[in-house]
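Peer 1: Residues per chain, in single letters:
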Amino acid sequence: MAKELPGYGTINVPKDREVPFGAVTPAPVCTQDLFQTSNWRMKRPVKEDEKCTRCLVCYMSCPDACWEYKEAEDEMYWIANFCKGCQICIQECPTGALTAAPELDFPDGVVRLEKPF
Amino acid sequence: MQAFDYKFQKFEPLKSFKKAPELEVYVPGHRTCAGCGPALNYRLVAKAAGKETIFIGPTGCMYVANSSYLCTPYACSWIHAQITNGGAVASGIEAAFKVLARKGKHTGAFPNVIVMAGDGGTVDIGLQAMSAMMYRNHKVLFLCYDNESYANTGIQTSPTTPYGAATTFTPPGKEIPEGKVLFPKDPPQLVIGGHPAVKYVATTTVAHPLDLMNKVRKALTYEGPTFLHMLAPCPKGWLFDEKLTREMARLAVETGMWSMYEWEDGVYKYTNVPKKYKPVSEYMKHQGRFAHLKPEHIAKMQAFIDERVKAVKERVAIPIPTPKQTA
Amino acid sequence: MAKEQMMTGCRAAAEGAKAAEVEVICSYPIRPYTAIMMELSKMVANGELNAEFVHGEGEHAQVSVVLGACASGARAFTGSSGVGVTYAMEVYSPMAGGRYPAQMSIADRTLDPPGDFGSEHTDAMSTRDQGWLLGWACSPQEVYDNTLIAYRVGEDHRVMLPQMVCQDGYFISHIPDKVTLGDQSQVKEFLPPYRPIGPLSTTHPVSHGPQIRPDQGAPMDAMRAQTFLAVPKVIEEATADFNRIFGRNYDPFVEQYKLEDAEIAFFIQGAHANTCRSSVDRLRSQGVKAGMARLRWVRPWPTHQLANALGHVKAVGVIETSTSYGGAMRGGNLIHELRASLYDLDERPLVTSFMGGLGGETIWPKDFDYMAKVLLQAVKEKKIRTYVQWLGM
Chain A
1 MAKELPGYGT
11 INVPKDREVP
21 FGAVTPAPVC
31 TQDLFQTSNW
41 RMKRPVKEDE
51 KCTRCLVCYM
61 SCPDACWEYK
71 EAEDEMYWIA
81 NFCKGCQICI
91 QECPTGALTA
101 APELDFPDGV
111 VRLEKPF
Chain B
1 MQAFDYKFQK
11 FEPLKSFKKA
21 PELEVYVPGH
31 RTCAGCGPAL
41 NYRLVAKAAG
51 KETIFIGPTG
61 CMYVANSSYL
71 CTPYACSWIH
81 AQITNGGAVA
91 SGIEAAFKVL
101 ARKGKHTGAF
111 PNVIVMAGDG
121 GTVDIGLQAM
131 SAMMYRNHKV
141 LFLCYDNESY
151 ANTGIQTSPT
161 TPYGAATTFT
171 PPGKEIPEGK
181 VLFPKDPPQL
191 VIGGHPAVKY
201 VATTTVAHPL
211 DLMNKVRKAL
221 TYEGPTFLHM
231 LAPCPKGWLF
241 DEKLTREMAR
251 LAVETGMWSM
261 YEWEDGVYKY
271 TNVPKKYKPV
281 SEYMKHQGRF
291 AHLKPEHIAK
301 MQAFIDERVK
311 AVKERVAIPI
321 PTPKQTA
Chain C
1 MAKEQMMTGC
11 RAAAEGAKAA
21 EVEVICSYPI
31 RPYTAIMMEL
41 SKMVANGELN
51 AEFVHGEGEH
61 AQVSVVLGAC
71 ASGARAFTGS
81 SGVGVTYAME
91 VYSPMAGGRY
101 PAQMSIADRT
111 LDPPGDFGSE
121 HTDAMSTRDQ
131 GWLLGWACSP
141 QEVYDNTLIA
151 YRVGEDHRVM
161 LPQMVCQDGY
171 FISHIPDKVT
181 LGDQSQVKEF
191 LPPYRPIGPL
201 STTHPVSHGP
211 QIRPDQGAPM
221 DAMRAQTFLA
231 VPKVIEEATA
241 DFNRIFGRNY
251 DPFVEQYKLE
261 DAEIAFFIQG
271 AHANTCRSSV
281 DRLRSQGVKA
291 GMARLRWVRP
301 WPTHQLANAL
311 GHVKAVGVIE
321 TSTSYGGAMR
331 GGNLIHELRA
341 SLYDLDERPL
351 VTSFMGGLGG
361 ETIWPKDFDY
371 MAKVLLQAVK
381 EKKIRTYVQW
391 LGM
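Residue numbers (my numbering), protein chains in the order written: chain A, 1 to 117; chain B, 1 to 327; chain C, 1 to 393.
Hints are computed from structural coordinates only; laboratory data are not their basis.
Backbone N, C-alpha and C define an ideal beta-carbon position, used for all residues, glycine too.
Do not rely on the hints blindly, as some may be mistaken.
[As the list claims (entries may be wrong)] Quick look at which bits of chain C chain B covers, simulated, 3 or more residues with Cβ under 8 Å:
#	segment
1	20 to 29
2	71 to 79
3	88 to 94
4	207 to 215
5	333 to 343
[What the hints assert, rightly or not] Listed next, the in silico DSSO-like pairs over lysine-lysine satisfying Cα-Cα at most 27 Å (straight line):
#	chain 1	residue 1	chain 2	residue 2
6	B	199	B	185
7	C	18	B	103
8	B	218	B	294
9	C	383	C	373
10	C	188	B	105
11	C	233	A	15
12	B	275	B	285
13	C	188	C	42
14	B	51	B	7
15	A	43	B	285
16	B	18	B	218
17	B	105	C	42
18	A	47	B	18
19	B	15	A	51
20	B	103	C	373
21	B	19	A	70
22	B	19	A	47
23	B	218	B	278
24	B	310	B	294
25	C	42	B	103
26	B	185	B	236
27	B	269	B	15
28	C	18	C	178
29	C	380	C	366
30	A	70	B	18
31	B	313	B	269
32	A	70	B	15
33	B	51	B	10
34	B	105	C	18
35	B	300	A	43
36	A	70	B	51
37	B	294	B	15
38	B	18	A	51
39	A	51	B	199
Kindly generate the complete structure, drawing on both the sequences and the hints.
Peer 2: And the structure:
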């Protein structure tokens, strides 16, 4: 061959733009923290403790697993980071223990966040 | 082929909400709409099945909205399939684990192989792959979360979209006032009608979480293919207030738009059969997709449902065993 | 050492798969590749091969089934022909992008319409941009060998890509020829077990194939392109190991037959290379300095190897056994890529092409004589008259 032919060059994907090999990622544990959805909501459920019977209907109704029952304390906990404010739990609560309250009413209301997520 | 113990998992029925497994396998942190029926559906299915599960997710809302930007909410193994081939990819996975178990390369419990397909991935473009998987007797649970449309692409009509629904492919207009003019396919009957390997088919809704979870667990105890058809209302697609997701599913059962049953090796068992069905208008009035309908259209829908309910009543009165299939 | 046997290309592919101890096989009947699956189903039924034999409901399902199997950590095998190959088109890209190194054994067949059983490479050639490794054999022996070489290359962790091992329908798939099968110790030395990367698992849960943002698409593509830069070295290593262990003499990319002093050369892939080789001999006996370059891998395309092998030749005739209607040269695809490979040489050969072996037609020795005449004329006139000619038309 008379002369050197061009090569294929090299491809250097910048470290910060690398994607996982074959688009295989490890599965999340407990929650997908990369995707918090709290700033979607305009209202949040507020619970009246006396009315709550721990029937777990809210827990079984939430698409985003935002109600948690702690057996040791016999108490229901709302998970603020992921609640999208759909209010299914409020609609379904058989004792009327849940009401919807505007996010603006809360000093930590997500509408006050400067940064989404 | 010689008998081999594949270590299939066993599941007991859940007696109450408190007995449901605490572990979330479909974890929070996903981009599904607020009040998403299919997301609630997925969560309950995953909870019932547990972590030793492999989900096959054909393209649809539960792929696109869940697995965005390389982060997914599936705490068990999950693989994307094309909308066309959920049943086929599941077949390959099941076959692989069988041969790997026989060769001693996979030693643990046999994974629950579950296809979580939308209505399009089940009875439209995915029908061939699902039917073939069932015919071939793979130990796969095929689940259809039915939101009655191609929702992820912007609410286009699918074969399970009800008559009279407005979708972006069936807009009501002067010439076609009712929007969708066709009546929907019946997925569980399609499965029951032609798949001798299938011994368990059931229907349920997101408004019946304990029933749903128990049907998943029962289906998973079968050593062959099983099918669940689950109504998963879609607030954006059906145009109702997002807090009414469960209420819509409940009303569907109360009006006869949906019936809850199990079919086990030829025998039907219906549950939640109303003593008196509410008129379908009670269901339709909450949903914007039916807002354009005239009384004659609603009457047409009522007549269709009346026919369907008649079949339910016959089956409730006498269980109809179909001839036993030999394996 | 196993002794020589007579067998067809289909049987050779099945023997290759058996030697590789494939674990999940997915079949669907279509002529002519079907016989591969007929052979494998017998092996499974007789207990010679511990595999799951899945009866796919179509080629789309076949590729989908092996995708699922490969993702779960099993060595998977499937195959097809003609419109079957194109029916599965949707799944090729997910298969390559997901880095699932299953193998598809293709016995080429003409695409419809109307139905034509004959061999033509357009079926598998039309998948060449889907990210698979793609190559042609020219004898049942090479089919067996390529089956093993392709698994070794595809499953290498520097590669992890699916492979299409192609043979011409009927000419190779159905005409018995001498084949020497390897013994198990040779196969074991050559082909390590499949080691999946991040397979579906109950103990180490993973997500396969979540959506990406548009700005993640380019790096995804770039990483796949990067892999293709690494493939040639892996092919060279695997071919060298194969030659050593099995006592063969393959060039990794291009079979070079009497090219050293050739003035004119045929550039070809697949079965018709056999007629081509004997035609080269005959032409040489008549005083024509002819030679042949036979392509073994279309993907990755051996750019520099071809420039090296053909750069000194005065005129090259590309024998196209596939179509690219409306393409730059209005013939097949090989000429585009060959001309691009030679473009940067200071002195380039003249390159023209001949459409032959389409629809299952035989390319006869007299056709090679004719092509040689055209090439010699081009050498004399220092130009080609047309980019393409249809043999016999």
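Peer 1: Against this structure, judge whether each hint is valid.
Peer 2: Quick rundown of the hints versus the structure:
| no. | hint | verdict |
| --- | --- | --- |
| 1 | 20 to 29 | holds (count 3) |
| 2 | 71 to 79 | holds (count 5) |
| 3 | 88 to 94 | holds (count 3) |
| 4 | 207 to 215 | holds (count 7) |
| 5 | 333 to 343 | violated (count 0) |
| 6 | B:199 with B:185 | holds (21 Å) |
| 7 | C:18 with B:103 | holds (15 Å) |
| 8 | B:218 with B:294 | violated (42 Å) |
| 9 | C:383 with C:373 | holds (14 Å) |
| 10 | C:188 with B:105 | holds (17 Å) |
| 11 | C:233 with A:15 | holds (25 Å) |
| 12 | B:275 with B:285 | holds (22 Å) |
| 13 | C:188 with C:42 | holds (23 Å) |
| 14 | B:51 with B:7 | holds (15 Å) |
| 15 | A:43 with B:285 | holds (25 Å) |
| 16 | B:18 with B:218 | holds (19 Å) |
| 17 | B:105 with C:42 | holds (24 Å) |
| 18 | A:47 with B:18 | holds (20 Å) |
| 19 | B:15 with A:51 | holds (24 Å) |
| 20 | B:103 with C:373 | violated (59 Å) |
| 21 | B:19 with A:70 | holds (13 Å) |
| 22 | B:19 with A:47 | holds (23 Å) |
| 23 | B:218 with B:278 | violated (30 Å) |
| 24 | B:310 with B:294 | holds (25 Å) |
| 25 | C:42 with B:103 | holds (20 Å) |
| 26 | B:185 with B:236 | holds (22 Å) |
| 27 | B:269 with B:15 | holds (19 Å) |
| 28 | C:18 with C:178 | holds (18 Å) |
| 29 | C:380 with C:366 | holds (21 Å) |
| 30 | A:70 with B:18 | holds (11 Å) |
| 31 | B:313 with B:269 | holds (11 Å) |
| 32 | A:70 with B:15 | holds (19 Å) |
| 33 | B:51 with B:10 | holds (13 Å) |
| 34 | B:105 with C:18 | holds (18 Å) |
| 35 | B:300 with A:43 | violated (40 Å) |
| 36 | A:70 with B:51 | holds (21 Å) |
| 37 | B:294 with B:15 | violated (45 Å) |
| 38 | B:18 with A:51 | holds (19 Å) |
| 39 | A:51 with B:199 | violated (44 Å) |
Checked against the numbered hints given earlier, the structure breaks hints 5, 8, 20, 23, 35, 37 and 39 and satisfies all the rest.
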